[in-house]
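Engineer: Heads up: the sequence lines are chains S and C, in that order. Under the numbering used here, think of the first position of the first sequence as 1, with each following residue one higher. Under the numbering used here, think of the first position of the second sequence as 1, with each following residue one higher.
Please keep in mind that the hints were generated in silico from the structure rather than gathered at the bench. Glycine residues also receive a C-beta, built at the ideal position from the N, C-alpha and C atoms. Fair warning: there could be bad hints in the mix.
[What the hints assert, rightly or not] The list that follows gives simulated cross-link-like pairs (lysine-lysine, BS3-like), each with its CA atoms no further than 30 Å apart:
no. : chain 1 : residue 1 : chain 2 : residue 2
1   : S       : Lys29     : C       : Lys330
2   : S       : Lys29     : C       : Lys237
3   : C       : Lys236    : S       : Lys11
[What the hints assert, rightly or not] Facing chain S, a subset of chain C residues (Cβ under 8 Å, in silico):
no. : residue
4   : Tyr168
5   : Leu169
6   : Asp211
7   : Thr213
8   : Glu228
9   : Ile283
10  : Leu284
11  : Tyr333
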Amino acid sequence: EDALAQTSVSKEQIAHRRRLMDEWNAWRKRVENELAEERELAGLPPIDTREDEGVEVIE
Amino acid sequence: MRPILLQGHTRSLTQIKYNREGDLLFSSAKDHVVNVWFSHNGERLGTYNGHIGAVWTVDNITFFNSLSPSTCIAASKLLLSGSADNTAKLWDVRTGKCLHTWEFHTAVKRIAFSEDDTMALAVTEQQMGYQGAVAILKIDSVLETGEQDEPFVINPEPTKAVVAAWGYLNKYLIIGHKDGMISQYDWKTGQKLNSKHPHSDVITDLQMSPDRTYFVTSSKDKSAQLFESNTLNPLKKYVTDCPLISASITPIQDFIIVGGGQDAMQVAGTSRGKFECRFWHKILEEEVGRVKGHFGPINTIAVHPDGKSFSSGGEDGYIRVHHFDEDYFKFTYPEFQHIGA
Chain S
1 EDALAQTSVS KEQIAHRRRL MDEWNAWRKR VENELAEERE LAGLPPIDTR
51 EDEGVEVIE
Chain C
1 MRPILLQGHT RSLTQIKYNR EGDLLFSSAK DHVVNVWFSH NGERLGTYNG
51 HIGAVWTVDN ITFFNSLSPS TCIAASKLLL SGSADNTAKL WDVRTGKCLH
101 TWEFHTAVKR IAFSEDDTMA LAVTEQQMGY QGAVAILKID SVLETGEQDE
151 PFVINPEPTK AVVAAWGYLN KYLIIGHKDG MISQYDWKTG QKLNSKHPHS
201 DVITDLQMSP DRTYFVTSSK DKSAQLFESN TLNPLKKYVT DCPLISASIT
251 PIQDFIIVGG GQDAMQVAGT SRGKFECRFW HKILEEEVGR VKGHFGPINT
301 IAVHPDGKSF SSGGEDGYIR VHHFDEDYFK FTYPEFQHIG A
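Assemble the whole structure, with the sequences as input and the hints as a guide.
Structural biologist: Dropping the structure here:
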C-alpha cells in the first residue's frame, strides 16, 4: 500500500513537472515568434542559435 | 569537475564577464584593476590599470545575436569598466590602452553595452546630494570623434537603480532597484514604462537570457526570480536560505546558477570553503546541485557562452573556473529521458 501511495505521489509529481515543461515550451514558442517578427520588422536577420554558428563552410 | 583557481586580484571580486567567444574572462575587483584571463587554463593575459578606486563593474560583449555584425567585431575588442573613482573607462582589450574616460559626480556601480554595441548604460550611485542615475553613453561617437556628447541621464524612482540591462533590439532598459522593485524605462525619453515589486530587499544582480526575452534577478531577500522582459511578468521563483548576490542563466541545460552568502563577519571561522554556487532547475524550480569552494560570499557568477563551463568570483579575492563534467550534460529527470535533449 505504501509503495502504491508513493507511486501515485510520484505520478502526480511527474504530471506536475510535465505541465511545467509544456507551459514553458509553449511560452518560449510565443516569445521567440514575437522576437522573430520584431527582428524582421527592423530588417534584421533571424537569430541563429545553432552550435555551428560562426563556422564558415568552404566548398 | 576540478576547478581552476585564478589568483591575481588582491581584494574582493565585483563582477566577471566572458567575451563573445568565451576564450577570455574579464574580472573587476576592489583592488582598482580589471584583469583578463584565458578561460580554458586560467592564465592571466593582462591587467587594465588606470582606475584609482574600487572597480565595481566590467562589461564586454557576450551575446551572439547583436544587431549589426560589423559593430560586434569592433566591440569584442572593447571593454568598459565603472569605478568608485567616479569614472567609467573604455579600454582596448588587446593593447590595454584606455581609449576614453567618462567622469561622473558619484561612483559607477554597473555598466552594460547595448545590444548593438553603439551605446552603454552606466548606473551611478546616489550620494552627497546627487540622485542615483542611469546615464546613456554614446560609444560610437566617442570612437569616431574622440569626444563625448553629454550623456542622457535617467533618474529612476522611487528608489535608486542598482543594476540595469538593455532589452532586445534596445527596446528599453530593465532596471533593478534598491527596494526590490524592477522597472522598464524608455532610454530615449527617460520615461518609466512599467514596474513591478517582486523582491522585498535590494536587487543584487540582473542577467539577461541569451536572446534577452527574459532575465533573472537575485536579491538579498534570499530569492532569485525569472521575468519576461517585454511585460515584466513573473515566470519562476527560486527560494533559498541565504542572501543572494548573483544569478546566471545556463545556455545548455535549463538551469539557473545562484550564489551569495552571509557577510564574513557573521560566519567567521565556521564555514571555511563552504560558500556554494547552487544550481536550480530553471523550469521546475527545484534545487539540483551545489558547488562549494569559496572562502567568502560569492559576489558574481558568469556562464561561458557555450554553456560548458562557468565561473564565480568571491569576496575572498579568487575566481573559480569550473568546467562541467559528463554528468552535467547527461542530467535529466527520469520522466523526461524519452523526450530527448
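Engineer: Is the interface hint satisfied for C/Leu284? The criterion is a beta-carbon contact with chain S at less than 8 Å.
Structural biologist: At 6 Å from the nearest chain S Cβ, C/Leu284 passes the 8 Å test, so the hint holds.
Engineer: Hinted pair, alpha-carbon criterion (30 Å max): C/Lys236, S/Lys11. Please report holds or violated.
Structural biologist: With Cα atoms ~22 Å apart, C/Lys236 and S/Lys11 stay inside 30 Å; holds.
Engineer: Tell me if C/Glu228 is really an interface residue toward chain S, meaning its C-beta lies closer than 8 Å to one of theirs.
Structural biologist: C/Glu228 check passes; min Cβ-Cβ to chain S is 7 Å, inside 8 Å.
Engineer: Return the status of the interface hint for C/Tyr168: holds when the least beta-carbon distance to chain S is below 8 Å, violated otherwise.
Structural biologist: holds, 6 Å
Engineer: Hey, does the C/Tyr333 contact hint survive, CB to chain S under 8 Å?
Structural biologist: holds, 6 Å
Engineer: Any CB of chain S closer than 8 Å to the CB of C/Thr213?
Structural biologist: This interface hint holds because 4 Å falls under the 8 Å limit.
Engineer: Does the closest beta carbon of chain S sit nearer than 8 Å to the beta carbon of C/Leu169?
Structural biologist: With Cβ-Cβ at 6 Å, under 8 Å, it holds.
Engineer: Regarding the pair S/Lys29 and C/Lys330, is the alpha-carbon distance no greater than 30 Å?
Structural biologist: OK: S/Lys29 and C/Lys330 at ~24 Å, within 30 Å.
Engineer: Would the hint on C/Asp211 stand, with a C-beta cut-off of 8 Å toward chain S?
Structural biologist: For C/Asp211, the interface hint holds, since the closest Cβ of chain S sits about 6 Å away, which is under 8 Å.
Engineer: Min Cβ distance, C/Ile283 to chain S: is it shorter than 8 Å?
Structural biologist: Since chain S brings a Cβ to about 5 Å from C/Ile283, closer than 8 Å, the hint holds.
Engineer: For a C-alpha distance cap of 30 Å, please report whether S/Lys29 and C/Lys237 respect it.
Structural biologist: holds, 21 Å
Of the numbered hints listed earlier, not one is contradicted by the structure.
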